[in-house]
Amino acid sequence: MDIFDLTAHQLADMLKKRETTAIEITRSVLERIQKVDHDIRAYVTLTAEQAIESAKEVDDNCKEKISPLAGIPAGLKDNICTKEVRTTCCSRMLENFVPPYSATVVERLNQVGAVITGKLNMDEFAMGSSTEYSAFFPTHNPWDLDRVPGGSSGGPAAAVAAGEAIYAIGSDTGGSIRQPAAFCGIVGLKPTYGLVSRYGVVPFASSLDQVGSLTKDVRDCSMVMNVIAGQDSKDSTSAPVDIPDYTSFLTGEIKGKKIGVPRELLDGLDPKMADTFKKALKKLEELGAIVDECSFPHAEAAVPAYHIIAPAEASSNLARFDGVRYGHRAVPEQGKDYDLVEMYMKSRGEGFGPEVKRRVLLGTHFLSTGNYELYYLKALKVRTLIIEDYQRLFREYDVLVTLTTPDLPFKLGRKIDDPLALYHSDSYTIPVNIAGLPAISLPCGFVDGLPVGMQVIAPAFAEGDLLQVAYAFEQNTPYHKQRPPLKKETAKGSES
Amino acid sequence: MVEYEAVIGLEVHVELRTKTKAFCSCPNEFGSEPNSNVCPICLAMPGTLPVLNKSLLEYGIRTGLALNCEIAHFCKFDRKNYFYPDLPKAYQLSQSDFPLCLHGYLDVETDLETRRIRINRVHMEEDAGKLVHGEGNADYSLVDLNRGGVPLLEIVTEPDIRTPEEARLYLENLKAIIQYLGVSDCKMEEGSLRCDANISLRPVGTDILNTKVEIKNMNSFRAVQRALEGEIERQHGLYETGESIIQQTRGWDDVTGTTSLMRTKEEAADYRYFPDPDLVPIHLTSELVESIRKGLPELPAARKERFMDDFGLPAYDAGVLTSSRELADYFEKCVSDYHDPKKVSNWVMVEFLRLLNTHNMEVRDAKLTPSHLVEMLQLMDQGTISGKIAKTVFEEMFATGKKAGIVVEEKGLLQISDESKLAEMVEAVLSAHPEVVEDYRKGKGKALGFLVGQVMKQTRGKANPQMVNKLLLERI
Numbered sequence: 001m002d003i004f005d006l007t008a009h010q011l012a013d014m015l016k017k018r019e020t021t022a023i024e025i026t027r028s029v030l031e032r033i034q035k036v037d038h039d040i041r042a043y044v045t046l047t048a049e050q051a052i053e054s055a056k057e058v059d060d061n062c063k064e065k066i067s068p069l070a071g072i073p074a075g076l077k078d079n080i081c082t083k084e085v086r087t088t089c090c091s092r093m094l095e096n097f098v099p100p101y102s103a104t105v106v107e108r109l110n111q112v113g114a115v116i117t118g119k120l121n122m123d124e125f126a127m128g129s130s131t132e133y134s135a136f137f138p139t140h141n142p143w144d145l146d147r148v149p150g151g152s153s154g155g156p157a158a159a160v161a162a163g164e165a166i167y168a169i170g171s172d173t174g175g176s177i178r179q180p181a182a183f184c185g186i187v188g189l190k191p192t193y194g195l196v197s198r199y200g201v202v203p204f205a206s207s208l209d210q211v212g213s214l215t216k217d218v219r220d221c222s223m224v225m226n227v228i229a230g231q232d233s234k235d236s237t238s239a240p241v242d243i244p245d246y247t248s249f250l251t252g253e254i255k256g257k258k259i260g261v262p263r264e265l266l267d268g269l270d271p272k273m274a275d276t277f278k279k280a281l282k283k284l285e286e287l288g289a290i291v292d293e294c295s296f297p298h299a300e301a302a303v304p305a306y307h308i309i310a311p312a313e314a315s316s317n318l319a320r321f322d323g324v325r326y327g328h329r330a331v332p333e334q335g336k337d338y339d340l341v342e343m344y345m346k347s348r349g350e351g352f353g354p355e356v357k358r359r360v361l362l363g364t365h366f367l368s369t370g371n372y373e374l375y376y377l378k379a380l381k382v383r384t385l386i387i388e389d390y391q392r393l394f395r396e397y398d399v400l401v402t403l404t405t406p407d408l409p410f411k412l413g414r415k416i417d418d419p420l421a422l423y424h425s426d427s428y429t430i431p432v433n434i435a436g437l438p439a440i441s442l443p444c445g446f447v448d449g450l451p452v453g454m455q456v457i458a459p460a461f462a463e464g465d466l467l468q469v470a471y472a473f474e475q476n477t478p479y480h481k482q483r484p485p486l487k488k489e490t491a492k493g494s495e496s
Numbered sequence: 001m002v003e004y005e006a007v008i009g010l011e012v013h014v015e016l017r018t019k020t021k022a023f024c025s026c027p028n029e030f031g032s033e034p035n036s037n038v039c040p041i042c043l044a045m046p047g048t049l050p051v052l053n054k055s056l057l058e059y060g061i062r063t064g065l066a067l068n069c070e071i072a073h074f075c076k077f078d079r080k081n082y083f084y085p086d087l088p089k090a091y092q093l094s095q096s097d098f099p100l101c102l103h104g105y106l107d108v109e110t111d112l113e114t115r116r117i118r119i120n121r122v123h124m125e126e127d128a129g130k131l132v133h134g135e136g137n138a139d140y141s142l143v144d145l146n147r148g149g150v151p152l153l154e155i156v157t158e159p160d161i162r163t164p165e166e167a168r169l170y171l172e173n174l175k176a177i178i179q180y181l182g183v184s185d186c187k188m189e190e191g192s193l194r195c196d197a198n199i200s201l202r203p204v205g206t207d208i209l210n211t212k213v214e215i216k217n218m219n220s221f222r223a224v225q226r227a228l229e230g231e232i233e234r235q236h237g238l239y240e241t242g243e244s245i246i247q248q249t250r251g252w253d254d255v256t257g258t259t260s261l262m263r264t265k266e267e268a269a270d271y272r273y274f275p276d277p278d279l280v281p282i283h284l285t286s287e288l289v290e291s292i293r294k295g296l297p298e299l300p301a302a303r304k305e306r307f308m309d310d311f312g313l314p315a316y317d318a319g320v321l322t323s324s325r326e327l328a329d330y331f332e333k334c335v336s337d338y339h340d341p342k343k344v345s346n347w348v349m350v351e352f353l354r355l356l357n358t359h360n361m362e363v364r365d366a367k368l369t370p371s372h373l374v375e376m377l378q379l380m381d382q383g384t385i386s387g388k389i390a391k392t393v394f395e396e397m398f399a400t401g402k403k404a405g406i407v408v409e410e411k412g413l414l415q416i417s418d419e420s421k422l423a424e425m426v427e428a429v430l431s432a433h434p435e436v437v438e439d440y441r442k443g444k445g446k447a448l449g450f451l452v453g454q455v456m457k458q459t460r461g462k463a464n465p466q467m468v469n470k471l472l473l474e475r476i
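Chains as they are written, first to last, in this note's numbering: chain A, 1 to 496; chain B, 1 to 476.
In isolation and in its complexed conformation, chain A is listed as follows:
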């Protein structure tokens, strides 16, 4: 295996044993980017020079002793602010925006000597499930370049899967880490709301957004969480909880764990997907877990509630992009002037893409006088019902398991003009955000050579339980070891 194909914990071991250097690892990843990114198109901004510099500093100061993430190259979704490196949210609106500050999550990574290779593609302002709504270009799925990598963290997922980053940081509002992780055959964790600081991460829907990791396996996921989790005084919604060593949960042991499978999410599944899921559940039982079907009565209401709450918050969050202080400002034709309202309308009209406009309009509508009670308040009530559903389930089960998404990675362009079909892709992940719970997606098999992801959901701040179950499953299945062949035709992934 090439260096870029290894995991962070493998590379950390090698660094410790002085079998490699941070520079060597970083060069390997940068060369990989050079070689494959014209096909994948994961990177929006490459920071090769800074990456080499950071790597050199790790080597010079033996920073590998600080943290296993020291010297390991990582990519960041492009809605995570990086000081003096442009942060675009893959929108024309912020095409040239260079923040004078870094997100807290970036500062934490910098403190432990992480090497940042660049900024990764996404659906504009994280609104989408295929990365086709990036204002710049779509990203391609490394398992089949004709297919989407999922979204909105499609760039991060594709980059990790293709060896263009050892791990990546993304954000998840309704499935934006887990669904692309599933589509790209990697591990994606959306932590409990409040576990990771949102400071400096450009918001889509503030009450649903959470920052998380995309990694090649569960151990890497635990290592990243050890660095990025924890309260931040700059984020009032970050929770005052003690952060355990997440790697301590990786026992491989899940005997007696009670696992619930919501039967409402099994209806209408594609037979091949259903079969893959059944096999995965069987594996969990073999490992000693007690797997039961359970009822999640309000599952159906989660997606509509989400598509009210998220755009409502987004319409307000994105109102600051008005052309006054930063970002795109429309320029009138020679000899003409815009008044204030024209300037607002033209700047926002030109700066935002179709999906962003759609959601801003919907959100504005839902919050308007008369509609607030009809839509927004009702959605908040549904939110409470969903939270109660989960509370009831977690009195009986340690974790819940579902497929991450009912879909296989679909062909580029197939759903772009059908927003409702695209929204459906997130129906298993959305309820988790509505309730603010942690959930992980990990590979659980292949269908037609394309990866399938399984989602494990736990009670708030029980990331340890998630990681324990996920690790045991992973260590007893081969899927996480598969790497995409990176060929234009459908890959022949083995289904062993």
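Because the hints were derived from the structure by calculation, they are not lab data. The beta-carbon is built from N, C-alpha and C at its ideal position, and this holds for glycine as well. Do not rely on the hints blindly, as some may be mistaken.
Calculated pairs, DSS-like style, for lysine-lysine (alpha carbon to alpha carbon, straight line, at most 27 Å) [claimed, not checked]:
{"no.": "1", "chain 1": "B", "residue 1": "K212", "chain 2": "B", "residue 2": "K265"}
{"no.": "2", "chain 1": "B", "residue 1": "K19", "chain 2": "B", "residue 2": "K54"}
{"no.": "3", "chain 1": "A", "residue 1": "K234", "chain 2": "B", "residue 2": "K76"}
{"no.": "4", "chain 1": "B", "residue 1": "K130", "chain 2": "A", "residue 2": "K346"}
{"no.": "5", "chain 1": "B", "residue 1": "K76", "chain 2": "A", "residue 2": "K378"}
{"no.": "6", "chain 1": "B", "residue 1": "K462", "chain 2": "B", "residue 2": "K367"}
{"no.": "7", "chain 1": "A", "residue 1": "K234", "chain 2": "B", "residue 2": "K54"}
FRET-style restraints, in silico, Cβ to Cβ [claimed, not checked]:
{"no.": "8", "chain 1": "B", "residue 1": "K54", "chain 2": "A", "residue 2": "E53", "range": "37 to 43 Å"}
{"no.": "9", "chain 1": "B", "residue 1": "M361", "chain 2": "A", "residue 2": "L377", "range": "52 to 58 Å"}
{"no.": "10", "chain 1": "B", "residue 1": "Y140", "chain 2": "A", "residue 2": "T384", "range": "45 to 51 Å"}
{"no.": "11", "chain 1": "A", "residue 1": "Q111", "chain 2": "B", "residue 2": "K54", "range": "24 to 30 Å"}
Following the hints, complete the assembly by docking chain B onto the known chain A.
Frame of chain A, contents of chain B only:
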């Protein structure tokens, strides 16, 4: 003919004097270089988040308690959404359905009665920045965001105010209370206190609430009173001619002394309030509220009572002296070193306030300190200076900050009490004005005053007036 009464409610915005802004750590200062007190948070750069300044909460609770409000156990911040270049987030963090304080009141004393004005709510919010429009025909406006994110309290009354005068009295009392609390300096001219009014009319004896009109842009308490007086007249005229009142917002023009239409209800914005998801709801314990209550200072009403009881001052004096905390402190400092509170009160209320007003100064800016005044009063008691000269000394002290003794010495203002010297002058005056002496003898009492005046004139006011009187009477 129907007799109408006014139904008035006031909304007051007070800028709080916290060290830092409401949701970031930028300094909260007035008058800095434009855009110098700003950071990524109050510039609303993408991804930044607000964190509540605890002082804002404390100041809000203090104000609520002083206004006899219930302090909510639960409150939250909401977003008030609208586009304007002085509002960087395009929403104002404010409180909608769960404000910090509810159901208070403030008593106002008119000439006739004590009126209780109920307070509907006190809530926390942030200020916007300021637009600086290009001069003349300039085709640009500049934005100064120093004020953006400065903490505000909005204090809203019930429609309990019945006259424009009551409105002014309410504002004066409110300002005094807030200044006593030390949470704001309440300078209307610097915009740290702003007032909007809602007003409607109704036939006396009914309790209906008719269509109201909102008045904005009033820049002084006096302007509030005048604007309301004008609006009562305008609405009265409309009712008389049978026209209907249209719900609207009107702007006050201080120069013309009139209001004009700004916008009607149809043009009003839909603010799309919803709970701010970036700030967590606030749960307040009774212990916290009680500990803040214990720390409240003596408030104007209580201090006025005490001034009347302890110093034997008339209600009027006590009212004026306690109208601001600074003035009351000044007075108390004087009487702690001087035995006659009424005398101090006269000097402070008449001369001191007159000079402050003429020079548009605050108590704290005065060079004339309580010890200046006390020394001067002592010089008067000792007969070193006369009451008339004292006025000159007072003005000089006010202008220069020099002590009374030094002023008297430098200006040669020492009272002339040398009997033989004064007798000489009296003799001279008497012989110079025989006709006046004649008038006096014929019973024209006023003539004596003229003669005293002549002596005073010659001594440039320094002659001991009692002594001159005595000497004249002996010789006339």
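Going down the list of hints, with the structure as the test:
Taking the CA atoms of K212 of chain B and K265 of chain B, the gap is about 11 Å. The hint holds against a cut of 27 Å. Of the pairs offered as hints, the one joining K19 of chain B and K54 of chain B holds, with about 11 Å between alpha carbons and a cut-off of 27 Å not exceeded. Distance restraint check for K234 of chain A and K76 of chain B: the Cα-Cα separation of roughly 18 Å lies within the 27 Å cut-off, and the hinted pair is therefore satisfied. Note on K130 of chain B and K346 of chain A: the hinted pairing holds, with a Cα-Cα distance of about 24 Å set against a maximum of 27 Å.
A threshold of 27 Å between alpha carbons decides the hint, and for K76 of chain B with K378 of chain A the separation of about 19 Å falls inside it, so the pair holds. For the given pair, K462 of chain B sits about 25 Å from K367 of chain B by alpha-carbon distance, which is consistent with the 27 Å threshold. With a C-alpha separation of about 14 Å, the suggested pair K234 of chain A and K54 of chain B falls inside the 27 Å cut-off, and the hint holds. At roughly 40 Å, the beta-carbon separation of K54 of chain B and E53 of chain A lies within the given 37 to 43 Å, and the hint holds.
Between M361 of chain B and L377 of chain A the Cβ separation comes to about 53 Å, which falls inside the hinted range of 52 to 58 Å. For Y140 of chain B paired with T384 of chain A, a C-beta distance near 49 Å keeps the hint of 45 to 51 Å intact. A hinted range of 24 to 30 Å for the beta carbons of Q111 of chain A and K54 of chain B is consistent with their spacing of about 28 Å.
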